[in-house]
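Colleague: Read off the chains here:
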Amino acid sequence: MRTTIAAKITAVLLALLMFVSTGAVAASTETPTQEKKSTIEEVKELLAAQGYYVYLENMKMQGWKDATGNGVTIKAAEGYRFTADPDYPDQVAAVENDETKGKVLVLPETGSVSWDFTVPETGFYVIRLVYRPVAGNESSTSYIQRELFIDGKAPFKESYYLSMTRRFVDEYADVKRDDGSQGFTLDKNGNEKKPTKKQIYEWSTYTACDSTGYIIDPLKYAIESGATHTLTLNATMNELALSEIIIEPFAGYTSYEDYLKNTNAKDASASANAPVIQAETPTSTSDLTIYALNDRTSAITQPQHASKQLLNTIGDTKWENVGQWIEWIIPGNEITESGYYYIVPRFKQSTRAGLYVARRIMINGEVPYDNCNYLQFNYSDDWQCSPLNDGEKDLKFYFEAGKDCTIRMEVGYGNMADILRRTENCLTSMNNIYNSILKITGPNPDEYSYYGFAEVIYDTILEMKATRDELQSIVDEFKAILGGKSGADIATLEKIIWILDKMCSKESEIAKNLDNLKVNSGTLGTWIMNTKLQVLSFDYISLQPAEKDAKNYPKGREGFWAALGFEIKAFFASFFTDYNSLGALDDASTAEPVEVWISTSRDEAQVMRELIDNTCPVKVNLKLVAGGTLLPATLAGVGPDISLAMGQSEVINYAIRSAIQPLYEEANPENSIAKDYLEICAQRFSDQATVGLRLENPDAPGTYIYYGLPERMGFSMLFYRKDIFVQLGLEVPQTWDDLYTIVPTLQINYRKVGFPSSLGGLMLFMYQRDEDIYSDINGDGVLDGMRINIDSFTSLQCFEDLCMLFQTYKFPRVYDLATYFRMGEMPIAVSDYLTYNQFTIYATELKGLWEFTTLPGTIQRDANGNVMYDEEGKIVVNSNAPCSVSAVILLRDRKGRSETLENSCWEFMKWWTSAESQSSYAKQYEALVGLAAKYNTANTEALKNMSWTNTERRNLLAQYEHLKGTPEFPGGYIITRYVDFAFLNCYNNNADPTESLLDQIQYINNELTRKRKEFGLTVYEDYKKENYEAHPEWFD
Amino acid sequence: MSQNTAVKEQKAKPVSRKDMTKAQWTWKEMKKNKAGYFMVAPFFILFFVFTVVPVFLSMILSFTSFNLLEMPKVVWLDNYVRLFLDDDIFLTAVQNTLIFAVFTGPISYLLSLFVAWFINELSPRMRAFVTLIFYAPSISGAMYSIFGILFSSDRYGYVNAFLIEYNFIDEPIQFFQNASYVMPLCILVALWTSLGVTFLSFIAGLQTVDVSLYEAGAIDGVRNRWQELWYITLPTMKEQLMFGAVMSITGSFGFGGIVTALAGFPSVDYCAWTIMHHLEDYGGQRFEVGYSSAIATILFIMMITSNLLIKKLLSKVGQ
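Chains as they are written, first to last, in this note's numbering: chain A, 29 to 1064; chain B, 474 to 792.
The following block holds chain A by itself, in its conformation from the complex (with noise of 0.2 Å):
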C-alpha cells in the first residue's frame, strides 16, 4: 500500500516536473548564456587543435623548411590594434616611455593585442618577445600567460599556453659569513632567517616554447612571405609590458662539437684559480618560492653547524616544475686564466631511484649547444660531487679571465621530455577509449554479453592498438634510457600494455577489462605527476679548470669519521635546542608580546612566522600548538590571547561558555575593542562572512554581539569537464531546471552528477529560495535560533527535491570524486571551490578541459508560482551558495589584560586578515602545498589577487557575490544528525520525504530549547507565553 502512494506521488512530481522543466527551459532560452556559450566553443577549439608535433610534421611533408636570412622585428607600440574584453571595457592597453626601451605597449591582464607583419621567406620562425612584467600590482607572482595566434588561429595547441616567468631578488642584509660569503640575518636563538624577496622588473626576451616542457626547442612557426599576417597576444593571466617582437629563424642549437670548434680554446691549467660560489645565494630566481634552505644531512655541507639551522642549500622541493629557474654569477675576478672549464655542483638528487633529473643551462642568457638542454642528475641518497654532464660525457664549458659570468639553472625534462610527453597522449587515449566503452556498456558490464564492439566502436580498438604499440615503443626507448635495467616505473608500463594487449586482441576481454583500464589510468596519470617532480638540490657550484685532475675535486660525501663526529655533536647540542620555538628576531622593545597560537603544520607556522618578523606592527609570540589543545589550555588558564583557524561553530561554542572576548557589541560600541570591527568587515570581506562569528545581544534584543574576524572561507562551485559536455553536446547548466533536462543525456551515456546529500544539499535549495535554517518568530529579520525553520513549507519542498535527485535521479550519495571526475564518468559535480587544487595537481592531463562556474540557480517564483522577471525582463536566478567561515578569536583573559596589549591584539588580527598579509600567506601557501594550490582566505582582495586566469577569476567571483552565511545557535550541531537520518531514511527505504522529515523536528527543536535553557536564553514556550496575545500572527 505504502508503495504504492509512494510510487503515485513520484509520478506526479514527475510529471509536475516535465511541465515546469520544459516550461522553464523555453523561458530559459532567453537567459544570458552567451559567454558560457564562448568557452564552450573554446572548447571545441582545442580539442580540435592538433599538436606540434603533428604540425610540424604536416608542415614539413608540404615542403616547408627553416626560413634563412634575418627576421623581422615589429615596435609593440606601434601599429597595434587592442580588443578589450567586454566584461573589463576599462581594461586598455597603453603606450608608456621607457628609459632603456623607449616607447613600449603595456597591457592589460585582459584583452587581445595584434599586429600586422610580413616576413621575408617563407619558412618556420621562431618568435621572440622582448618582455617585462608590469610593476604596480605588486601582488602578482605568478607566471605572466598568454596564447599567440597568426591569423587570428593558434597553429597549435602548445600555442595556447605560453609563460613568461618573473624575476626576484633575494633581499641580503649587510651580512659576511666567517669565510667572507653572503651571509644572513640571524634570530635571536642564532638560526639563520631567509632573506625576504622583491620582484624586480627587468627586460628579458623570452622565445615561445612549450609551457609543459615536453619540447624542448623552440616552437616553430610556418609563416607565409608575401602576404600579410596579424599577430594576436591573447591575454590569459597577468600583465605584461612588451617592446618589440622579432619573428626571425632558427636553425637549431650548436653541436657539442662546433662549440668547441668556434670557441677554439685550451683547456685551463689545474693550477688556474677554482671559484666556488655558494648556491643558496643566487642573484634572482624565477619564483618567489625558491629560496634558501637548511640542510643537516652532511657534515660537509657549507656552512654548517652542529645546533644552529644555518641556511647553506637551495632548491629541494621548490625548485621541482619545469621552467623554474634559479641565476648565478660567477665574479669575473675569481676567473684568473680563460679556458675551457668543467662545471662542478655539489648537489643532491635522492628522490627518483633508478632514474636521473634533468635540468637545462643557460650561460649569459643562452643556451651555449645542444648537449646543454640534457644535463643529468643522477641518483644517489647522499650528496655528489660530478661535472655536469649529458650522461655520456662531462660537458666542457668556456669561460674568459676577468669576466662576470651569468649561469642559470632551468628545470626541464632533458631526455624524458618526448617520452613525457608521448605518455601523456598514451593517457589521454586510454581515457578517450575507457569513455568510448562506457558509453556502450555503461561502469559495471556483464562480461558475457555480447556488445558488437568491433561493429560499433571499430575506431576505439584501432585506437587501442594504437596506444598499446605507442607504448611498447616508450618502454623500449625508456629502457635504453635505463640502460637496459628495469624498475618499477617500467612495470607500470608494462602492466598498461598487458592490459591493452589483452583487451584488443579478443573482443570479450574488453568488457571484462574495463576496470582494470580504469585502475590503471589511474595509476598511469600519479607515474606520470611523479616522474615530471625534478627535484634536486644544490650546496655550491664550482668551476673546476678542465686540466685538473677529478681526484682533486671537493669531496661529495664526508668522511665516516667527520659524519660520526658532526653526529655526535648534533646529538647533544639536541639537548639545549629549543626546537619549538619559532625563533622572532632579537627585539629590544620591551612591549608584552601577544600570545598568538596556530595548530597547522610547522611549515605553515614558519610562513607565519617570518611574515609577522617582516611586517606585523606589533610583538608577537607565535606557538605551534597540537590541535585539540586550546580547550584544555584554556581550562587551565595559560590558554594564548589569540588563537587562529577556529571552524564557525567552535567560535560560537566558546562565546555562549563565555570563553572568547567579543570584539564588538552593535549596542554598546564605545565598550568594544574593536571600535572599527563594522568598517573592516565591510572593507575586507564578504558580508556573509560574519553571519557565522555573531550571537544576539540578549540585553539588546536585535543586535549583535560578534566574536572572531573571518580567516578562511569555503563555500561550493559547479565543476564540469568541458570536454565531455562538448561531446555529448550539453550546455553548462544555469538553473536547476536546465540540469534536470540533461540528466537524462548524461545518464542514458551512464554519466553521473556529483551532489551534496543531507544538510549541504538542503542548504544549497533553501538558500537559492531565500529561506533560513532558523526561525525568526518576531519577523525582524534577526534570526532567534529558537526554533528550527526546516519545517516550512519552502523548507520542505527544498527537502523533496533534494531527495527526488537520490531517489528518482539516482545520484549517488558516496563518491570518489577526484578518481570519478578524471575518468569522465562524473563530469559534472558541486564541490568546494578548493577541489580545484585536487584537480590541477592530479589529473595535469586534464588542462583547459574542466572548469569551475558559479551554482546552477533556482528559478525564483512569486506566492503564485509564476516566474519572476527583474525590469529588463529577465528571468529572476537566484544562485546563493551556502558559505562558512573559520575565524581569529580573541580569548578572554581570567587575570585581565592590560588595555595596550587587548589593542595589540586588535592590531594583530587586523594586521593578519588584511589584504597584503593573507596575499602574502596565500602565496607562500603555493610555495609549500604545489604551484597552483590555493589557500581559501576570506579576504575579498587577496582572493582575487591569486594567481587565479581570468575566466577563473571571473566565474569564482560570480559566485562570490552570491554567498549566504548560516548562523550559529546553541544546540545547532545537533540539525546535521537529523537531517541525516531523515535523509537516510528517505534514501534507504525510500520513505515519503516530507514525512521522515517532519519526524525529526521535535527532536531538534527540544533540544535547541534544552541548550537555550542551559545558557538562560528565552525559549520558544516562554517566548510565546508572553507574546501570544499580543501578535498571535507570530505564532501561526
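Rather than coming from a laboratory, the hints here were simulated on the basis of the structure.
Incorrect hints may appear among the rest.
Pairs of lysine-lysine residues, derived as DSSO-like cross-links and limited to a Cα-Cα distance of at most 30 Å, are as follows [what the hints assert, rightly or not]:
1. Lys225/A - Lys576/A
2. Lys421/A - Lys576/A
3. Lys647/A - Lys222/A
4. Lys923/A - Lys546/B
5. Lys546/B - Lys1041/A
6. Lys336/A - Lys651/A
7. Lys225/A - Lys647/A
8. Lys923/A - Lys938/A
9. Lys785/B - Lys1053/A
10. Lys493/A - Lys221/A
11. Lys546/B - Lys1052/A
12. Lys523/A - Lys875/A
Predicted model, so just to flag it, every value in this text is computed and none were measured.
Starting from the known structure of chain A, arrange chain B on it as the hints suggest.
Modeller: Only chain B this time, still in chain A's reference frame:
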C-alpha cells in the same frame, strides 16, 4: 626447605597483634615491607592520580552542571533523573550496549575458550601459527577499517561491486548508513576483533595445566574430554579465566570506537549507539560534562556489577 625457615621466622616474631591499634599495626607492617611499597609506589601514584582520582571526580561532577569553561553548578540528582526519565536515546544506547556486551562478552568469551582449546591440540609449530592468525586482528589497531572498504557505500566498494556485477542489486547499498545493516555488521566486526587478549590468556592457561593431572584424572574415572575440561582443565586455569572475563567485560561495555569508525558518529537513527557514544556526545560535542559524568558513573556501576556476577559464576567452575 626454604618455606620452612620463612614460617619459622614469622612465628619467631615477638610483637603481638593485640598490643597495638589497627593503624599502628598497619604502619609497622608498612615499615617492615617498605622496599615493596617503594617499588610499587611509581605505579601506584600514577594509577591513583590518573585513574582513581578521575573516577571519584567524575562521580562528584555527575551531580553538577558543568560546561568545561565555566565553574560547575550543583544540580544534585537532576542529571540522573533526566538520564532515566527524559532521554530516549540513552535507553537505546543501553539496549545496544547490552546487545554488544552479550556478543562481545559471553559469546566471544566462550568462542575464545573453545578456539583456544582446539588450537591447543595442534602441534606446537602449527599452534604458534594459528594463534597468530586469530590474535592478529586485535593487535593491528585499525584492521577493522578493512570492513569499511569491503562494505563501502560507493558502487566500487567490494561487496557492492560484487552484488551489482551479478545483478543482485542495481544501486549500491549504504551498508553503514542503513539501519538494517549497521548493527549486524558491527556485531560481526566486534566478534572478529574481540578474540584478543582473552584468547591469548586462555592459550597460555591451557599450556600451564600439569599433564600428570590428566593421568590422575583418568585413573580417578574421568570418562570423556568434557569431563576433563570441566573438572581438570578449567579449574586449573581459573586465574586466566578471571583475567579474560575482566578484559572482555571492560571491552564489551566500552565498545564504540569501531562503530564510530565504520558507521560514523552518530550512526544512522542511533541504531548502533552505545553508552560510550552517548558519553562522548555529551562530553565532547555538547560540552555537558556533568551529564556525561552521570553516564560514566552508570557505566562504571554496570561494569562493577557484572564483574561481581562473573566472579560468582566462575567460582562455580569445576563444581
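Colleague: Next step is simple, just say for each hint if it's right about the structure.
Modeller: Consistency of the hints with the structure:
no.	hint	result
1	Lys225/A - Lys576/A	violated (38 Å)
2	Lys421/A - Lys576/A	holds (16 Å)
3	Lys647/A - Lys222/A	holds (19 Å)
4	Lys923/A - Lys546/B	holds (22 Å)
5	Lys546/B - Lys1041/A	holds (14 Å)
6	Lys336/A - Lys651/A	holds (20 Å)
7	Lys225/A - Lys647/A	holds (22 Å)
8	Lys923/A - Lys938/A	holds (24 Å)
9	Lys785/B - Lys1053/A	violated (57 Å)
10	Lys493/A - Lys221/A	violated (56 Å)
11	Lys546/B - Lys1052/A	holds (28 Å)
12	Lys523/A - Lys875/A	holds (26 Å)
In this structure, the hints that do not hold are numbers 1, 9, 10, in rising order.
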